[in-house]
Amino acid sequence: AQSVTQLGSHVSVSEGALVLLRCNYSSSVPPYLFWYVQYPNQGLQLLLKYTSAATLVKGINGFEAEFKKSETSFHLTKPSAHMSDAAEYFCAVSVSNTDKLIFGTGTRLQVFP
Amino acid sequence: DAGVTQSPTHLIKTRGQQVTLRCSPKSGHDTVSWYQQALGQGPQFIFQYYEEEERQRGNFPDRFSGHQFPNYSSELNVNALLLGDSALYLCASRGTSNTEAFFGQGTRLTVV
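Chains as they are written, first to last, in the numbering used here: chain A, 4 to 116; chain B, 3 to 114.
Hints were generated in silico from the structure; no laboratory data involved.
Glycine residues also receive a C-beta, built at the ideal position from the N, C-alpha and C atoms.
Incorrect hints may have been included.
Said to hold, decoys possible - Some chain B residues near chain A, calculated using beta-carbon distances under 7 Å:
1. A40
2. Q43
3. F47
4. N61
5. N73
6. A89
7. L92
8. E102
9. F105
10. G106
11. G108
As the list claims (entries may be wrong) - Estimated spans, in silico, between C-beta atoms of each pair:
12. K72(A) <-> T16(B): 47 to 55 Å
13. E56(B) <-> L10(A): 29 to 37 Å
14. Q45(A) <-> T98(B): 42 to 50 Å
Said to hold, decoys possible - Here are some chain A residues the structure puts well away from chain B; computed CB gaps all over 12 Å:
15. L23
16. Q41
17. K71
18. S76
19. S87
20. L104
21. I105
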C-alpha cells in the first residue's frame, strides 16, 4: 500500500524567504511522486514530478524537489517566496505513470510581505 | 485547448437525492479519473475510466457510479446523497502516453 504524509498543515514565510514544504512517502514499489498546487476555488496544477530519472526535479514557478530514498522524502523547496505562492500544496504518490494518485492532506502556504 | 472542463461548477442537493456531474477531458486524452476532496482534505480517488470501462476503483460505496462515453467525456453519479458527500469533486484526464494528469476546476457539491 502507498501513502503520503505531509508534515505541517500550515506554513508561513516572509516574502523573499526560503519555502520548505515536507513530504514523506511510503511505498512497497519504486514510487512516482508529484507536487500539485491548488489556488482557492480552483483545481490542481502540477508543479513537478519524479518518475525515477534525476533525483533533483525542477518544476514551474521556481520550485524544485529532491527524491531521497534513504529518507523516503520528497520535500518541496523554493529559494525565495513570492506573494503569489500563497496556496494549498499537495504531495501525491503513484505506482506508475497511469495509476491513481494518492494525496497527502495538504499544506497551506501563507506568504507575508 | 479548453483543458478539462467540469459542469456544473456548484450544485446544492437535498439528502437522499441523486446527482450527476460531468467532465470533458482535455483534447487528446482518453483516460478520466474522478476524485472527491472534502473540506480541508486531500483528494481521494473514486474511480478511473478508460475505453468506456471502469479500470480502477477506490474505496467508495456502490452509490458512486460512473460512465465514459465514446467521445471520452465522463459522468459521475451519486445516489442516495448523504451530508458527508458534500465536497469538491475533481475530474482529471490523461493520455495513454502522457504521464501528467490534468485536473478540472471541480464541481462543488453541497448536500443539505
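We went through each hint and held it up to the structure:
no. : hint                          : in the structure
1   : A40                           : 10 Å, violated
2   : Q43                           : 6 Å, holds
3   : F47                           : 4 Å, holds
4   : N61                           : 11 Å, violated
5   : N73                           : 20 Å, violated
6   : A89                           : 13 Å, violated
7   : L92                           : 6 Å, holds
8   : E102                          : 6 Å, holds
9   : F105                          : 4 Å, holds
10  : G106                          : 5 Å, holds
11  : G108                          : 5 Å, holds
12  : K72(A) <-> T16(B): 47 to 55 Å : 50 Å, holds
13  : E56(B) <-> L10(A): 29 to 37 Å : 34 Å, holds
14  : Q45(A) <-> T98(B): 42 to 50 Å : 26 Å, violated
15  : L23                           : 19 Å, holds
16  : Q41                           : 9 Å, violated
17  : K71                           : 21 Å, holds
18  : S76                           : 18 Å, holds
19  : S87                           : 19 Å, holds
20  : L104                          : 7 Å, violated
21  : I105                          : 7 Å, violated
In this structure, the earlier hints numbered 1, 4, 5, 6, 14, 16, 20 and 21 are contradicted, and the remaining ones agree with it.
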